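Visitor: Note that the protein sequences, when read in sequence, are chains Y and L.
Going by numbering that gives the first Met the number 0, 258 is the number at position 259 of the first sequence; the sequence numbering is gapless.
Going by numbering that gives the first Met the number 0, 127 is the number at position 128 of the second sequence; the sequence numbering is gapless.
Simulated from the structure, these hints should not be mistaken for lab results.
Keep in mind the model is a prediction, meaning the values are calculated, not measured.
Each hint can be trusted.
Identical chains blur together in the list; that is why a pair holds if it fits in one copy or across any two.
In silico BS3-like links for lysine-lysine, alpha-carbon gap of 27 Å or less:
| # | residue 1 | residue 2 |
| --- | --- | --- |
| 1 | 139 | 199 |
| 2 | 175 | 199 |
| 3 | 30 | 50 |
| 4 | 129 | 4 |
| 5 | 71 | 325 |
| 6 | 212 | 151 |
| 7 | 244 | 129 |
| 8 | 151 | 4 |
| 9 | 30 | 268 |
| 10 | 175 | 139 |
| 11 | 129 | 1 |
| 12 | 175 | 212 |
Protein chains: 2
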Amino acid sequence: MKFNKVLENIQTYEAGKPIELVVREFGIAPKDVVKLASNENPIGTNPAITKVIRSNADIAHLYPDDSMFELKEALSRKFDVEDENIIIGAGSDQVLEFISRALLNEASSVLMSAVTFAMYEIYAKQMGAKIIRTESYEHKYDEFIEAYHTYKPKIIYICTPNNPTGDATSREEVLKIIEGVDKDTLVVVDGAYMEYAAAKDQKHAIAPTDLLKYENVIYLGTFSKAHGLGGMRVGYGIAQAKLIKELYKMRPPFNITTLSLLVAIEACKDDSFVEASIALHQEQIKRYETFAKENGISYIESYTNFITYLFDENLDSTQISDALLKRGVIIRNLASYGMNGVRITIGTEVQNDVFFRHFAEVIS
Amino acid sequence: MKFNKVLENIQTYEAGKPIELVVREFGIAPKDVVKLASNENPIGTNPAITKVIRSNADIAHLYPDDSMFELKEALSRKFDVEDENIIIGAGSDQVLEFISRALLNEASSVLMSAVTFAMYEIYAKQMGAKIIRTESYEHKYDEFIEAYHTYKPKIIYICTPNNPTGDATSREEVLKIIEGVDKDTLVVVDGAYMEYAAAKDQKHAIAPTDLLKYENVIYLGTFSKAHGLGGMRVGYGIAQAKLIKELYKMRPPFNITTLSLLVAIEACKDDSFVEASIALHQEQIKRYETFAKENGISYIESYTNFITYLFDENLDSTQISDALLKRGVIIRNLASYGMNGVRITIGTEVQNDVFFRHFAEVIS
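With the rest of the complex left out, here is chain Y (with noise of 0.2 Å):
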């Protein structure tokens, strides 16, 4: 069978280890891993969502509102915006899915800092487009202003704060980036940790009211991560109406599960869960700020959820995280974005204890 010529220059997106892998292949038991890899919520589910989710536990059969009513006007309310400027996915993720299929071919390109969300590139690569990267993995206004006059890319991505790095982008910059190029390219800013970003520094606060002005922005958010609900994959995109309805023609129906829809909007009711998220997240951060400096290694100040270390010639991220999947510790590995660094998760102060006591042996 003749396949889609796009399909020979596709790899698959690499997830992190789950912790099933550790307990199959090392023979830990679950209860001793710590996965400190996918920027998942270390408090855990937020006990309202628990409870939400325990008491549809029947509702399995049912397909849920294909409309997503209510989900759309919790959100609206959240954002100040109307429900037609909102897309759900499963996932952001889905919503670049949308986005890519819906503006790219063989013909395009589009524009990414060096090092970011790898999914830009697969979802990009699934339909064909060339993809340009700045120098920096910082989002630098000189930088993108200058690739873009050469390439005219179909889509500008601005991951603020960006993954895997955790820096962050001022609204400023963004604006002004996004002031710097004409309609016909999409500039999607991806906030998929902005909750954290946000509460650190407003300066680096940017909200979707912020861009609906410009018909050809996008602004990403999700679930996943300060709001604790990674597993349910629910995400969203806010921009103008006529974007979002060329955008609803790829989105299939039933994208999110009946418990995902319910969940997510609970998890609009209340800021709560979130507030202690950040609270403990910007407490534990420190020490990793602070074992990085005692210990001589580098690291790029975090506006997420996770802190990446960068290592010198004198130490390997490849085997440093396989020495720490085999005690039982999942971290990112970014030698796959070609750094030699790694990506971890704030944890629990338990699991960030686990951590040092690890990583201290694995380095020395």
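Given the coordinates of chain Y, assemble chain L onto it according to the supplied hints.
Guide: Chain L only, in chain Y's frame:
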């Protein structure tokens, strides 16, 4: 912004109307709404599944094992195939999407019966492919082979049992169609309702192992119907490893939720719920056949969990569906499929009582 040209030609799928909509629009209490529109399992959720959901309601923050190791093991045992023969989708729908994206482009055509599952057309149109339909809604060898030779379609869809008509194609006929086309055409055998057909008549039972010797055939199955897990969005494709590997390139990571993965694994453990679902169905569908005969209404003999009534010029499917909707009874109008008919999910005894009471009044 310039969108891909294919978007000009896409209509979005019209999902069955949710209970929430009837509640919102007609002010009917949720408990008084009878939804027989989406072929959901009327027995409800398997209590064993409810238990799994309840006991995992506190891990919504954790991403699923993206290798889906355990689920693939369970499915490979169930169907006597290897892990490498399996791809999991968010419903078998998503596997249809992978297939479409891996194989189709603006130079392709796809072949399907006159009336069949709406998503075949939608996913094909998203890739710009041309839609060819046979004359009949039944999958007839002569019609398929004639159209095959005329159009050389890239994909042939065989939906058996067929949705929204309910008829099934015998294993012999399906194999004849497969043998009649060359290896560059993929034949999709969509068995979303296969459990019902197999229970009714072994001649219509098709198992993945019946098809695995063909490199250009894929079998699709789902947990949404007989397993009663429509709201969890889990389906699968089974084919030769080479084909599965290509489809994997279009699979996004974490494409089903953590709870969906767990419940699908649980569903593979025990067939008694499926058997009970089918037993209820076989008993209740007789009432629909009897009612039709007594009221001079034609119907298509059903191999699925629904029945399709076909009206003559004295009855209008849109008027009838709308009238029932206002009474809180949701069925599926087939006008958008070009049929003056309705598709009714076979409900519980009580649901069917309600349906017959209102339906008798509406058509009188």
